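Q: These are the residues of each chain, in order.
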Amino acid sequence: MTVPYKIPNEPVVQCSHCGEACEEPTLIGTEQSFCCQGCKLVYELLQENGLRNYYNIEQTPGLSLKALKAEQYAYLDDPEVKRQFVDYTDGKVGRVRFLLPQIHCASCIWLLEHLYQLDRGIQQSRVNFLKKEVHLSYSESDTSLSKIAGLLHKIGYPPAINLADLNSETPPTLSKSLYYKLGVTGFVFGNIMFMSFPEYLGLHRGEDAFYFHLFGYLNLLFGLPLVFYSGWDYLRSAYLGLRQGNLNIDLPISIGILSLFGRSAFEILSQTGAGYMDSLGGLIFFLLVGKWFQQKTYHSISFERDYQSYFPIAANRLEDNEEQATSLNKLQAGDQIIVRNQELIPADGILQSEKAYIDYSFVTGESAPVKVEKGALLYAGGRQTGAAIQIQLTKKVIQSYLVQLWNEHSFEQKTSKLAASQLANAVGKYFTIAILLISAATLLYWLPIDTAKAINAFSAVLIIACPCAVALSIPFTYGNVLRVLGRSQSYLKNTEVIEQVQRVTHIVFDKTGTLTERQEQLVFEGQLSTEEKDAVYSLACQSTHPRSQQICEYLKGAVKLEVTDFEEIPGEGIGGTIGGQRIYIGKGAAGTEILVDGLEKGYFGSKPQLRKGMKNTLHWLRQQFDISLLSGDHNRRPAFFSALFGGVEQLHFNHSPKEKLQYIEKLQQEGAVVMMVGDGLNDAGALQQANVGLVVTEEQNNFSPACDGVLSTASFQQFPNLINYIRQSRWVIYISYAFALCYNIIGLSYAVQGLLSPVIAAILMPLSSLSIVLLGISGSWWLARRLKLNTNQVVMNEIQ
Amino acid sequence: MSKVEQFYYDNAIVRNFAYATAIWGVVGMLAGLWAALQLVFPALNLDFAPTTFGRLRPLHTNAAIFAFVGNGIYMGVYHSLQRLLKTRMYSDALSKFHFWGWQAIIVAAAITLPLGITSSHEYAELEWPIDIAIALVWVAFGINMFGTILKRRETHLYVAIWFYIATWVTVTVLHVVKNLEIPVHMWKSIPVFAGVQDALVQWWYGHNAVAFFLTTPYLGLMYYYLPKAANRPVYSYRLSIIHFWALIFIYIWAGPHHLLYTSLPDWAQSLGMAFSLMLIAPSWGGMLNGLLTLRGAWDRVRNDPILKFLVVAVTAYGMATFEGPMMSIKSVNAISHYTDWTIGHVHVGTLGWNGMMTFGVLYWLLPRIFNTKLYSVKLANVHFWIATLGTLFYVVPLYWGGWTQSLMWKEFTADGFLKYGNFLETVTQIIPMYAMRALGGSIYLAGAILMCYNLFKTVRQGNLVANEMAEAPPRPVYAKHKGEHWHRWIERRPIQLLVGATIAILIGGMVEIFPMMMVDENVPKITSVKPYTPLELEGRDLYIREGCISCHSQMIRPFRSETERYGEYSKSGEFIYDRPFLWGSKRTGPDLHRLGGKYPDSWHYNHMLDPESMSPGSIMPPYPWLIENDLDTTYTAAKIKVLKMLNTPYPDNYNTRLYKEMREQASQIAASLNGDGIEQEQLERKEIVALIAYLQRLGTDIKPKPRAEAEGSTN
Amino acid sequence: MKIILLLIAISMLVALGFLVAFFWAVRSGQYEDEYTPSVRILFDDKNEKS
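Chains L, R and B, in that order, give the protein sequences. Residues 3 to 802, numbered by the working numbering, are exactly what the first sequence covers, in order. Residues 1211 to 1925, numbered by the working numbering, are exactly what the second sequence covers, in order. Residues 8 to 57, numbered by the working numbering, are exactly what the third sequence covers, in order.
Just so you know, these hints were derived from the structure itself, not from any lab. Since the structure is predicted, the reported quantities are computational estimates derived from the model, not experimental observations. Beta carbons: idealized from backbone N, C-alpha and C, even for Gly. Careful, some of the hints might be misleading.
Said to hold, decoys possible - With a straight-line Cα cutoff of 27 Å, these simulated DSS-like cross-link-like pairs (lysine-lysine) come out:
| id | chain 1 | residue 1 | chain 2 | residue 2 |
| --- | --- | --- | --- | --- |
| 1 | R | Lys1213 | L | Lys149 |
| 2 | L | Lys84 | R | Lys1213 |
| 3 | R | Lys1306 | R | Lys1667 |
| 4 | L | Lys156 | R | Lys1213 |
| 5 | L | Lys94 | R | Lys1213 |
| 6 | L | Lys94 | R | Lys1361 |
| 7 | L | Lys558 | L | Lys373 |
Unchecked claim - In silico negatives: residues of chain R with every beta carbon more than 10 Å from chain B:
| id | residue |
| --- | --- |
| 8 | Gln1313 |
| 9 | Trp1372 |
| 10 | Ala1376 |
| 11 | Ala1478 |
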């Protein structure tokens, strides 16, 4: 398996399950060692059930279970939830699909396809590696969804289950009808070639009349599915286009198809010629292949996510002091619910517990948790950090503030951005007009001289001028551009986005998570001796409070000492005695202050940490575009940012998601074509409103709001390169068009004189198509190399 | 209810086929070597009819293709199919029947071919009873395979299986169409198609036999065993799928390229050429997919002989599939056809692609089913180098010889005469090459024997896991798609559908067009062309029995160099009574189509008795038995009857007087022989007389060229 | 050369048969996963309980 997997090379004891360093001495043995209890359990479980092969296929294939927190899946057994969740069930056998983001190697596939050894209720399980899904069929009587989910969780593959799984149907990877069409066209095209070649190869209409006509009729027969099945979409869209009064690219194509077919049919039936069926077959075959090539799908990325993708399926509702897992859709205003540490608040409500630390980064992008007192209003989308809290809901899920965001108008009109290539259509329009004029002129010129010839030349013009080049160049070139970008871990939704990017005049950045690292950097102002460091470290690690955790992380490497009479003053700080010293960590004027035996030793503050290479990136961008900053939180370091953006007026802080959206609208009204670069849900509105919405994410399996493209942080470092590449790729198109023009001129020169023969068409049309395809693909590769685009960051999706 | 099912893979059948593969491989190569040596030392035919070149060659080709590669295919299919589908073969009985049936057929072939019982159709020499047996066994194989597919536990059909399916369906059709023949008696049948038609069917079959017996199944094996041996997934599974469908839709068309410059219509010839060229794309797609699978693992290839074998095999496939289309280009074919170049080309495929792949699979598979390690990796490595060396030593001289001879055939002097008017000169010239080739062959054979030893020791040190235990959950059963009704139907019956389609093909094809086949008004009639006399007919059957077709063509191509040498080029109208056609595909000796009347009867008599006496240095073996044996005329009437049934215009109730005519013609020839001083008891009854009658008739229906010119041109 | 008809008819029907097979394959989702099967075949299903 060519699946990259990091194996730590420092000389530490490796966890037999996940290969991470083992620190807990009690878990280190001679045979196997483990980094955590979880890993140990899984290892033993697999050993017992004859699944040790899991560890033979790959080195320490597991992922550490340290971080894995307990999860309840009982809600999956709620009949109503289950009905929506399973793909199929007949009451005895059920078929269900789980998304397992942890799938990463061959061992995963092997283990997950041997689940039946762990739960006899599971019949057959099949992994789809690229989609990171496991499809399994199970016997309703012997097991249950919650059991299965629990099992997956236990062995280190916690299923990612969210509201979207219930409320939306997952669409098939690639429309099957395209495959059918390709199959039929391939078959028909092959046969038509076989029937048509003889004429070019010396089949004489005279001597071999029998075959000549036989082949003709067979061709006609094969031509029917070609036009009325394979080519139907083009005719249809051209027709619809006409009805709306716009000449799209499909119109000239349809003209080509129809004239090819019509002329051929006439020649064959009137036994006056062999017809152009092979050219027709070639044309449609190429067009379909182009369509197929264009549809680059990134299996583990969805560009169409809404809040549902973030929300759990169920919440714990209190029913006469009994916690009941309840489908989110069933929650009512007035319900009492329990939200545990790191759980999402599903709907707006009043805090019943004394206090809570809510992390609103989802909503506002502000990472620091906010302290909330009893009775305060909590917004859906917030994440509790710390002890479990009780909330009384004031709204249903769909009425909550956050959810309202998604009902903004900008979300419905999304589709308008997905119109077919504007460039192609523009060209197509003039193309059509030109062709109609030329053909008309030809007709008029010949009519007085020779009617037959007039018709001949007229149809010939329509045939030869068929804009395969125009139609093929964009799918193949931009299709390949998508692939190139994918290899540099930047995933665009579709080829239309490329054209949008080329038009962008104004780029808007969200601060947190794009310009700056999501996690603000902790800085310590003051002096601490080593002993004090150890002491503070030992104390901080005792508390679950996010800031304490940060400090614990910050001082990592210090020695952990025993802490006596530990006290936690809620909302104030923590204290404890270590080695005789009384240490106190708590709220201070400047930040989190450290008191050793009452004396202030200094304090921890935090400053936003700029992403690597951001300075140059912004500098470069400023010369090319208008850029501005759009942030949900308040401006802590004005000078710093105005320096980056060249002026305060480009900086917009304290913007609510709604205001962000409106800001984009404003820019657009001023005539700007806006690209929004953001991350969190709070940008969702803006991302939608912008002509191009890009999301930056740590790793592409992270959920990201609906957008036009997902950039990995890695690729974000070469952002200017990417932009450059996308913008310049249009030259490849222009060149192809130039090529196409030459071919057309040659072809037309024959056509207008009424000299076009099937051979010429059969040579010229595939030739032009092929050269356009090659030009497009090689051109886009060459350009990538020339711009030194780093395309070596091969990722899961690309292994195929 | 959802019990994990335990089941056992049938390894015994795999072992049987593996043994058969190895053994028949050696036998086939031995036959080949023997035949090759006879081209250098004609005496090696031991003056024994069954071991003369003409009868040995078909034995070799049949053994190599159907015994060696055939068993190799079954070995691979029976092993991989069970594991790919997570189930035992559908029926052990069928498996056994398939195995023993096939071996019986091979034995039958090994007996009948040396006895001169042959249809003379290349790669389809076997006579009708054996053809039927083949059909039966093949169908059994089909039922077994499709049955296994139906009861599979794995839903997905791995690409290899698609290649197996394609093999079965297509070979079925080919075999049936090819062997449409009417029995005269147990060991003699007459094909329903004559002359050009027979030729076209023959090479449509011939090419596709190569395509679907030597190629598609082995591609299937490649897609299974290469990843397994390298323990890494195929480079691009998607590409392999495209590879399959592209190949399937083009391959079937490429047949006619074997008949370039023959009497086949130009456009049909060129068509074959065009489609052969198109084949390069899918073939190379497959090759690259195979090689790229090993990207980043070449270090392993260096020390693993199995991977080495597979890599060379795939490379050879690439070379052969590039060379083939090249040779189908008319201008190239003008040079390559009838020469040893073709033989070389074929052996790149068989020795390189099929051979190496088979060896690799054997080495990989036997230790596994015997639950042991390969006895000696070292020997395997040695074998690899020997095999590679042998292949080179075999192929290179033949290319060289082929080119040399072809150029000599075509070379003219300044005055416009053939530089090498005597065909024999062009033969003696390349005998050293033949020697080299024999050497290469023996080296390759040595390697194969080495392998047998290695495998033997391996088997000895392990013990067969006749039934290998495995477990898998059953294939879930539920209505998967809510598709259109006919789709639903197809889904539930993929296999029945394929079989159905095959049958439809047969019936449909036959019913519609068959009647027209019998008489073909499209072939230009030549009034002067008459059916063979009974004696000539018997002579012709001797010509077939002795396999003269192995070395002599009867098809003069429209090149000056050929018309100069042999006379008027062949017209399609001349062959309308030729059942089977005898155009041949190789000229180790000269073309014979215009032989008639070129020499006196006595020349032929002596030439057959001792070729060297007539043309010193000739490597043609003597045929004394033709002179001793009495001609068997038991079935003459029956043959005439069948031919008449096939619209050969013999007079009505001819059988009343055909024996009389036979005797008359025989005694005429006997008389002319006596006239030249040849005295022999009951000469007119001997086989030689019939043969002479036929040879003297050859090509004389349309006015033969005057002696004078012909004199210079052949030996 | 009517024989050509026979060959064409047969070849075409064979091809047609395979076209149908292709439809079945796509329809029944044979090609929905174009990667995992290539890994799956690498696993030897030796049962190691006991």
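Q: Does each hint hold? Answer for all of them.
A: Structure-based check of all given hints:
The suggested pairing of Lys1213/R with Lys149/L holds, with an alpha-carbon distance near 18 Å, which does not exceed 27 Å. Restraint check for Lys84/L and Lys1213/R: satisfied, since their Cα atoms lie roughly 24 Å apart, inside the 27 Å limit. Note on Lys1306/R and Lys1667/R: the hinted pairing holds, with a Cα-Cα distance of about 25 Å set against a maximum of 27 Å. Between Lys156/L and Lys1213/R the CA atoms are separated by roughly 23 Å; this keeps the pair inside 27 Å, and the hint holds.
With a C-alpha separation of about 14 Å, the suggested pairing of Lys94/L with Lys1213/R holds against the 27 Å cut-off. Between Lys94/L and Lys1361/R the alpha-carbon distance is near 21 Å, which keeps this suggested pair within the 27 Å criterion. As the CA atoms of Lys558/L and Lys373/L are separated by approximately 26 Å, the hinted pair is consistent with the 27 Å bound. Every CB of chain B lies more than 10 Å from the CB of Gln1313/R, the least distance being 29 Å, so the non-interface label holds.
Listed as a non-interface residue, Trp1372/R fails to keep its Cβ farther than 10 Å from every Cβ of chain B; the least gap is roughly 8 Å. For Ala1376/R, the non-interface assignment is contradicted: its Cβ lies about 7 Å from the closest Cβ of chain B, within the 10 Å cut-off. The Cβ of Ala1478/R sits about 6 Å from the closest Cβ of chain B, inside the 10 Å cut-off, so the non-interface label is violated.
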